[in-house]
Amino acid sequence: MSGGAVSERNAPGQQPFQDRLVRLLAVGEVGVLAALVLITAFFYILEPAFLSERNIRAVLTVVSFVGIIAIGQTILLIGGEFDLSVGSVAGVSAVVSAQLMTALALPVPVAILGGMLTGGLIGLVNGLIVVKLKIPAFIQTLGMLFIGQGLIQVVTSGYPVYPLPESVGNFGMARPLLGMGWSFYFFIIAAVIADFVLRRTVLGRNMYATGGNQDVARLVGINTALYKIGAFMLIGVLAAIAGMFVMADLAAGTTSIGSGWELAVIAGVVVGGVSLFGGAGTIAGGLSGVLLLQVVQSGLVVIGVNANWQQIAVGIIMVLAVGLDILRRRFFIAGSGRREETIASEARPQTEAPAP
Amino acid sequence: MTEDTAFVIEALGIVKSFSGVQALRGIDFRVRRGEIHALLGQNGAGKSTLVKILNGVHSAGSYDGTIRVNGAAIAFRTPGEARERGVAYVPQEIEVFEQLTVAENVFAGQTSLGSGFTVSQRKMEARAAALFRDFGLPINPKSLMASLSAAQRHLVMIVRALATRPAVLMLDEPTASLSGAEVTRLFALLKRLKAQGTTMIFITHRLPEVMALCDAATVLRDGRVAAELARGEFDADRIIAAMSGQKMQRMYPAHRTPDGTRVLLELADLSVEERPGAHLGVADVSFQLRAGEILGIAGLLGSGRTELLSAIYGLLPYRGRIAVGGKPVAIHSTADARRAGIAMLTEDRKRTGLLFNLPVGGNITIGNLALFARHGLISGEREESAAVKAMRELKVKARSSSAAVAHLSGGNQQKLLFARVLMNAPKILLLDEPTKGVDVATRSEIYRLIVDLAETGVGLVVVSSELEEVIGLCDRSLIMADGRIVGEMSRSEASEEAVLKRIAAAQAEKARGVVESAA
Numbered sequence: 316m317s318g319g320a321v322s323e324r325n326a327p328g329q330q331p332f333q334d335r336l337v338r339l340l341a342v343g344e345v346g347v348l349a350a351l352v353l354i355t356a357f358f359y360i361l362e363p364a365f366l367s368e369r370n371i372r373a374v375l376t377v378v379s380f381v382g383i384i385a386i387g388q389t390i391l392l393i394g395g396e397f398d399l400s401v402g403s404v405a406g407v408s409a410v411v412s413a414q415l416m417t418a419l420a421l422p423v424p425v426a427i428l429g430g431m432l433t434g435g436l437i438g439l440v441n442g443l444i445v446v447k448l449k450i451p452a453f454i455q456t457l458g459m460l461f462i463g464q465g466l467i468q469v470v471t472s473g474y475p476v477y478p479l480p481e482s483v484g485n486f487g488m489a490r491p492l493l494g495m496g497w498s499f500y501f502f503i504i505a506a507v508i509a510d511f512v513l514r515r516t517v518l519g520r521n522m523y524a525t526g527g528n529q530d531v532a533r534l535v536g537i538n539t540a541l542y543k544i545g546a547f548m549l550i551g552v553l554a555a556i557a558g559m560f561v562m563a564d565l566a567a568g569t570t571s572i573g574s575g576w577e578l579a580v581i582a583g584v585v586v587g588g589v590s591l592f593g594g595a596g597t598i599a600g601g602l603s604g605v606l607l608l609q610v611v612q613s614g615l616v617v618i619g620v621n622a623n624w625q626q627i628a629v630g631i632i633m634v635l636a637v638g639l640d641i642l643r644r645r646f647f648i649a650g651s652g653r654r655e656e657t658i659a660s661e662a663r664p665q666t667e668a669p670a671p
Numbered sequence: 003m004t005e006d007t008a009f010v011i012e013a014l015g016i017v018k019s020f021s022g023v024q025a026l027r028g029i030d031f032r033v034r035r036g037e038i039h040a041l042l043g044q045n046g047a048g049k050s051t052l053v054k055i056l057n058g059v060h061s062a063g064s065y066d067g068t069i070r071v072n073g074a075a076i077a078f079r080t081p082g083e084a085r086e087r088g089v090a091y092v093p094q095e096i097e098v099f100e101q102l103t104v105a106e107n108v109f110a111g112q113t114s115l116g117s118g119f120t121v122s123q124r125k126m127e128a129r130a131a132a133l134f135r136d137f138g139l140p141i142n143p144k145s146l147m148a149s150l151s152a153a154q155r156h157l158v159m160i161v162r163a164l165a166t167r168p169a170v171l172m173l174d175e176p177t178a179s180l181s182g183a184e185v186t187r188l189f190a191l192l193k194r195l196k197a198q199g200t201t202m203i204f205i206t207h208r209l210p211e212v213m214a215l216c217d218a219a220t221v222l223r224d225g226r227v228a229a230e231l232a233r234g235e236f237d238a239d240r241i242i243a244a245m246s247g248q249k250m251q252r253m254y255p256a257h258r259t260p261d262g263t264r265v266l267l268e269l270a271d272l273s274v275e276e277r278p279g280a281h282l283g284v285a286d287v288s289f290q291l292r293a294g295e296i297l298g299i300a301g302l303l304g305s306g307r308t309e310l311l312s313a314i315y316g317l318l319p320y321r322g323r324i325a326v327g328g329k330p331v332a333i334h335s336t337a338d339a340r341r342a343g344i345a346m347l348t349e350d351r352k353r354t355g356l357l358f359n360l361p362v363g364g365n366i367t368i369g370n371l372a373l374f375a376r377h378g379l380i381s382g383e384r385e386e387s388a389a390v391k392a393m394r395e396l397k398v399k400a401r402s403s404s405a406a407v408a409h410l411s412g413g414n415q416q417k418l419l420f421a422r423v424l425m426n427a428p429k430i431l432l433l434d435e436p437t438k439g440v441d442v443a444t445r446s447e448i449y450r451l452i453v454d455l456a457e458t459g460v461g462l463v464v465v466s467s468e469l470e471e472v473i474g475l476c477d478r479s480l481i482m483a484d485g486r487i488v489g490e491m492s493r494s495e496a497s498e499e500a501v502l503k504r505i506a507a508a509q510a511e512k513a514r515g516v517v518e519s520a521a
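First to last, the sequence lines map onto chains A and B.
Numbering-wise (the working numbering), the first sequence opens with residue 316 and increments by one.
Numbering-wise (the working numbering), the second sequence opens with residue 3 and increments by one.
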């Protein structure tokens with residue numbers, strides 16, 4: 316809502332600055348963006364090569380693969396569910412499309428569509444089981460993670476699918492603009508669209524309502540089952556697309572595509588302030604979190620820290636970020652649980668909005 | 003240190019602020035030994051804040067002033083410390099462990115029940131059973147908490163507080179979720195405790211309860227003490243005046259019963275199958291609701307009245323026929339009900355009303371976003387102006403439409419939910435406990451609103467635990483017991499006594515039926 320304007324015009328004179336500060340800190344993305352800037356500066360000071368064009372491209376390329384899925388995960392988390400199976404869905408979809416274009420010799424676009432259908436179908440199964448059979452998303456998608464890993468082996472018999480048609484490799488090698496591949500531009504466009512949908516459309520608002528309180532959402536006439544299943548299908552398709560981008564990048568359908576992504580995605584969006592309990596978070600926040608984790612990992616590599624320590628750093632940052640976020644909420648936003656019997660409106664002169 | 007033992011608990015010169023906003027501005031509050039002391043005031047007057055200070059929820063140091071227990075100054079840092087000193091608190095909101103049994107809930111946090119590290123389930127259940135027997139409450143200690151009704155959960159919470167035999171028991175709106183019979187039972191319990199020497203602080207919005215039960219009353223307004231009254235000085239007008247700072251208008255606005263207007267809603271033999279643990283049943287309910295009519299449904303908690311409304315609103319599957327405006331409709335979902343022009347206000351603001359992740363404005367417009375959207379794209383300006391307009395019309399007090407709903411008082415939250423259900427101009431409005439946990443001033447605003455809606459031709463069905471409300475507000479009242487309509491009264495026939503007699507007769511009939519069929 317553009318409601319901020321109303322109170323700004325009417326806020327009693329003595330507190331505009333404090334008000335503005337509180338509102339700024341209440342915006343979830345501020346913290347993670349500040350951290351991102353600080354950490355980047357830190358690595359740059361230690362090793363200027365960190366901000367070399369080559370390294371920036373490398374970081375952004377990895378971010379674009381994981382980020383495509385993070386878009387779906389952010390939407391799904393806002394809707395009150397989450398998906399642990401994205402890594403293996405990416406892998407299955409990639410090897411399925413690889414087989415379609417090699418073993419079955421289907422045209423490349425048809426094979427790509429087949430890969431997307433695979434991801435969408437797995438998302439549909441996840442969604443139906445979670446929503447209709449009321450099996451917790453944690454269990455269902457963890458199960459699907461294993462099922463997917465098995466399917467990858469079944470589809471490939473354990474060997475990489477290779478060689479792929481030449482056009483696939485060329486697509487993966489293409490650098491249409493600024494030395495970045497297609498995956499990066501797909502990621503940016505998808506992120507902009509998703510952000511717009513969440514902030515400005517009925518679809519987006521209803522997704523927040525669904526994740527905020529499913530019973531309330533149902534009472535106001537929202538078909539919450541449809542929203543949740545839709546979000547599961549969307550993340551399935553996005554995982555498939557990310558998996559196929561990696562396949563194009565490698566010019567091979569390897570069995571390790573997507574392995575370990577599920578945790579990177581969840582850790583990233585959670586660092587970016589997307590709530591695990593549903594109904595809260597933004598695309599900008601979620602993707603900033605993914606970028607932050609990648610910057611840390613890359614920075615540690617650049618300054619020559621042992622790879623084992625990188626994982627430790629990621630773990631610490633995730634817990635720290637979520638901890639800080641909880642503190643922030645406690646101070647700046649009223650918790651949704653307990654309600655204090657102190658009401659700004661009753662202690663202050665009434666500030667009703669003027670007629671437009 | 004003075005030793006004035008007449009007072010069990012005293013709060014002197016209490017000042018408390020939340021992020022710069024003063025909630026309490028210098029309060030002196032004293033409770034004599036053995037009395038039931040009413041703490042009154044509108045939502046936002048500071049009652050809960052004061053109680054949370056007395057109970058250690060707001061820890062010493064976060065406020066100015068002195069707390070004395072039995073004359074000795076004490077600084078509680080946690081509710082646990084307060085409890086050790088014999089100060090127990092039963093919050094208004096239900097806070098229980100749903101996955102544990104009743105007995106486990108009663109003794110949660112107490113370690114003296116087993117040998118060393120272990121807990122003896124049997125011992126615990128036996129002691130819980132004894133407690134419930136003592137207090138005359140028919141609740142099985144082995145039941146899972148999740149299977150209990152809201153009223154039963156509240157009683158369990160009270161028993162949990164009593165299990166430690168406190169010197170002072172603070173009850174925050176204990177009757178808000180109780181039906182008439184349960185209130186009577188609770189009051190009997192409280193009187194028994196008083197006879198045993200327990201001092202009680204009783205927060206309520208219901209003045210008749212104060213008259214019936216309390217020995218003294220303190221009225222708060224805007225964080226200050228507005229009046230201190232002894233029992234002989236109790237007078238509803240005086241208390242209301244102290245609470246609101248002005249003379250109250252007549253509580254229920256006049257409304258002329260419409261005659262001969264068209265039928266908006268008709269139910270024929272509507273039944274809902276009971277699902278134990280989930281919801282109660284409704285059997286063969288038929289009625290007509292006319293345009294401009296306020297139809298009351300009087301019945302005790304557990305009479306199936308919420309289930310009846312839920313079925314009409316598409317939340318529960320039903321058998322039977324529903325017709326809207328003379329045309330039969332099939333309602334399988336809330337979306338179906340809304341298309342038919344039906345809207346519903348639910349009983350529980352926190353669980354099924356507010357969306358805490360959306361601001362005030364978003365809470366008002368949710369469900370009706372299509373009104374401000376083209377091709378699914380929301381016009382921020384139109385949404386904002388509609389929200390602000392609704393806030394002004396319903397007098398929702400908030401700093402702006404982007405304020406957090408958790409910051410609003412109960413009355414303002416309720417008005418916000420009214421704004422939401424009225425957003426798409428429903429023809430039929432179902433209201434489940436429309437004034438539950440709402441202060442007196444907001445109540446009369448809500449009554450005014452209900453009558454105004456009726457005058458514009460909306461048909462309203464009002465369910466309430468407070469018979470006085472049903473009788474005062476409604477043109478006609480249906481009396482419900484055990485899922486059936488057992489009587490109907492016009493405004494002129496209805497009285498609390500008549501309704502209660504009808505319910506009692508229905509229950510006696512049913513009991514006789516059971517005996518006969520058993521024989």
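None of these hints come from the bench; they were simulated from the model.
Wrong hints could be hidden among the right ones.
Straight-line alpha carbon distances no greater than 20 Å define the calculated EDC-like cross-link-like pairs of lysine to aspartate or glutamate that follow [as the list claims (entries may be wrong)]:
hint : chain 1 : residue 1 : chain 2 : residue 2
1    : A       : LYS449    : B       : ASP217
2    : B       : LYS193    : B       : ASP217
3    : B       : LYS352    : A       : GLU481
4    : B       : LYS329    : B       : ASP239
5    : B       : LYS196    : B       : GLU268
6    : A       : LYS449    : A       : ASP530
If you want a taste of the chain A side facing chain B, the calculated C-beta under 7 Å gives, among others [what the hints assert, rightly or not]:
hint : residue
7    : ILE371
8    : ARG372
9    : ALA373
10   : VAL374
11   : ALA505
12   : ARG515
13   : THR516
14   : VAL517
15   : GLY527
16   : ARG533
17   : LEU591
18   : ALA599
Fair warning: this is a prediction, and the values are worked out from it, not measured in the lab.
Ideal Cβ positions, reconstructed from N, Cα and C, are used throughout, including at glycine.
Each hint, compared with the structure:
Of the supplied pair hints, the one linking A:LYS449 and B:ASP217 is violated, its CA atoms being roughly 52 Å apart against a limit of 20 Å. Only pairs whose Cα atoms come within 20 Å are accepted, and B:LYS193 paired with B:ASP217 is accepted, the gap being roughly 11 Å. Distance check on the hinted pair: B:LYS352 and A:GLU481 sit about 59 Å apart at the alpha-carbon level, beyond 20 Å; violated. The hinted pair formed by B:LYS329 and B:ASP239 fails the criterion: a straight-line CA distance of about 48 Å is larger than 20 Å.
A distance of roughly 49 Å separates the Cα atoms of B:LYS196 and B:GLU268; the hinted pair therefore is violated under the 20 Å criterion. At roughly 14 Å between alpha-carbon atoms, A:LYS449 and A:ASP530 fall within 20 Å of each other, so this suggested pair holds. Taking 7 Å as the C-beta cut-off, the interface hint given for A:ILE371 is violated, the closest approach to chain B being about 35 Å. With a cut of 7 Å, the hint placing A:ARG372 at the interface with chain B is violated, because the nearest CB-to-CB distance is about 35 Å.
Hint status for A:ALA373 relative to chain B: violated, with the closest Cβ pair at about 37 Å, above 7 Å. A distance limit of 7 Å between C-beta atoms decides the matter here; for A:VAL374 the minimum to chain B is near 32 Å, and the interface restraint is violated. For the restraint placing A:ALA505 at the interface with chain B, the shortest Cβ-Cβ distance is roughly 18 Å, beyond the 7 Å limit, so the hint is violated. Checking A:ARG515 against chain B: minimum C-beta separation of about 6 Å stays under 7 Å; hint holds.
For A:THR516, the shortest C-beta to C-beta distance to chain B is roughly 5 Å, which falls under 7 Å, so the interface hint holds. For A:VAL517, the shortest C-beta to C-beta distance to chain B is roughly 4 Å, which falls under 7 Å, so the interface hint holds. Given the 7 Å rule on beta carbons, the hint for A:GLY527 holds: about 4 Å separates it from the nearest Cβ of chain B. Interface restraint check: A:ARG533 against chain B, minimum CB-CB distance 6 Å, threshold 7 Å, status holds.
Below 7 Å, beta-carbon pairs count as interface contacts, and A:LEU591 has none with chain B, the closest being about 13 Å; its hint is therefore violated. The beta carbon of A:ALA599 is not positioned within 7 Å of any beta carbon in chain B (closest approach about 17 Å), and the interface hint is therefore violated.
In this structure, the hints that do not hold are numbers 1, 3, 4, 5, 7, 8, 9, 10, 11, 17 and 18, in rising order.
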